[in-house]
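Participant: Sequence:
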Amino acid sequence: IAPIYNADGNDRMSPDNRPGQVGPAAGMGERPNAQGLDLNRDYIKLEAPETRAMVALLNDWDPDLIIDTHTTNGSRHRYAVTFEAPLNPAGHPEPIDFVHSNMLPDVAKRLRDATGYESFYYGNTDRTITQWFTYSAQPRFGGNYHGLRGHLSVLSEAYAYISFRDRVEVTRAFVRELITYADEHHEAIRAMRERVKREIIAAGAHPQPDDIVGIRHRIAAFPEPVTLLGYEPRGDVPQTTHVIPPTEDDVPRDYTVVHLGRFEMERGVRRPLGYLVPIELTTVIDTLRAHGVTMEPAAGRYDVERYTITGIDRAPREFQGHRNVLVDADARRETVEFGTPIAGQIVPTRMMFIPTAQPLGTLIVYLLEPESEDGLTAWNFFDDQLEVGAAFPVLRVP
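Under the working numbering, the residues of the sequence shown are numbered 762 to 1159, in order.
These are computed hints drawn from the structure, not numbers from a lab. Check each hint, because a few of them may be wrong.
Restraint ranges, calculated between C-beta atoms of paired labels, are given here [said to hold, decoys possible]:
#: 1; residue 1: Gly1061; residue 2: Arg937; range: 20 to 28 Å
#: 2; residue 1: Glu985; residue 2: Glu1098; range: 52 to 60 Å
#: 3; residue 1: Ala949; residue 2: Asp821; range: 42 to 50 Å
#: 4; residue 1: Asp972; residue 2: Glu945; range: 45 to 53 Å
#: 5; residue 1: Arg1094; residue 2: Gln1146; range: 15 to 23 Å
#: 6; residue 1: Gly1061; residue 2: Glu985; range: 49 to 57 Å
#: 7; residue 1: Asp972; residue 2: Glu1057; range: 34 to 42 Å
#: 8; residue 1: Pro986; residue 2: Asp874; range: 20 to 28 Å
#: 9; residue 1: Asp823; residue 2: Asp874; range: 26 to 34 Å
Glycine included, each C-beta is placed from N, C-alpha and C at the ideal position.
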């Protein structure tokens, strides 16, 4: 239990920090830590000491279930808490589906029966109140990162527009029900997680042509509409407001809406045996190790795929100290042998081989593929090597 993950931000309390949030009277802290970083956007680049400490805990203890508790503002609705399972479909589907389809519906019912609090999947409405859409599938967010690692994970978002007491009580009750459910199903959960690890290791040891790991995704709707607990529109308050809470005068209304609460693969790559990373890319190596990735010095002869950069799209504005980049690349096959001239070049002898036959194999693919929407390339780890027509420094071993 980490009651205050962002200690520096929490201590900067002010009633002006989140206009519209109901309590506490002394105000709340700030989102950034002392470095100005949002810790819940840091799970790929691992720049903050808090994030590195949290990921080190995951590596050391390998928890079966992670519960990430927040407070959210957003659209006007009647839920005391909203929740979400990991959203990135590149993660192993079994624990993600277990949380989304089994654990969360059961816990929502238990919470309502025990406390009267309503809860539902996280989201916001569009202006016509015909859609309910979730947040990003990017693993810069903790819950999605956990899913890529194979943990069961639940995002909990207490509603900013209910009282501070209610937020505390509903979060406590929700967490209690989650832990109770996990305890009741602990044997199945343990068996599932061990099975998932074995399957990911086996997939990396013997890659199959049809084993495609998603590296870019688009939001999609569930087949069936859902009933959303909202309010009648008010002429002076947009339904999608982020600053004006519901009042006792608001009239409850249920809406039938499309639930945009999942993601589909837009671009994927075949899972490889592994990757070769030049050892002089020390920041890349250090970050991979901080994630818990194991590696070994490369030795011998490798059939590889070498990427050539064909397109670079940089974000127009800085975000979290970075200008995110989206890369397009083409691959060609070749053979390399360390210390031997290949096509007139000496392949560096100092490279690390990173096998995907390890429990974090899927995360490795997502981190190292140059076209990944939220991998290390997207966070500028390879900017010095990015040029259209140039070779990408990381080699795939298919």
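Participant: Determine for every hint whether it applies to the structure shown.
Facilitator: Verification of the supplied hints:
{"no.": "1", "hint": "Gly1061 to Arg937: 20 to 28 Å", "in the structure": "violated (54 Å)"}
{"no.": "2", "hint": "Glu985 to Glu1098: 52 to 60 Å", "in the structure": "holds (55 Å)"}
{"no.": "3", "hint": "Ala949 to Asp821: 42 to 50 Å", "in the structure": "violated (24 Å)"}
{"no.": "4", "hint": "Asp972 to Glu945: 45 to 53 Å", "in the structure": "violated (33 Å)"}
{"no.": "5", "hint": "Arg1094 to Gln1146: 15 to 23 Å", "in the structure": "holds (20 Å)"}
{"no.": "6", "hint": "Gly1061 to Glu985: 49 to 57 Å", "in the structure": "holds (53 Å)"}
{"no.": "7", "hint": "Asp972 to Glu1057: 34 to 42 Å", "in the structure": "violated (23 Å)"}
{"no.": "8", "hint": "Pro986 to Asp874: 20 to 28 Å", "in the structure": "holds (25 Å)"}
{"no.": "9", "hint": "Asp823 to Asp874: 26 to 34 Å", "in the structure": "holds (32 Å)"}
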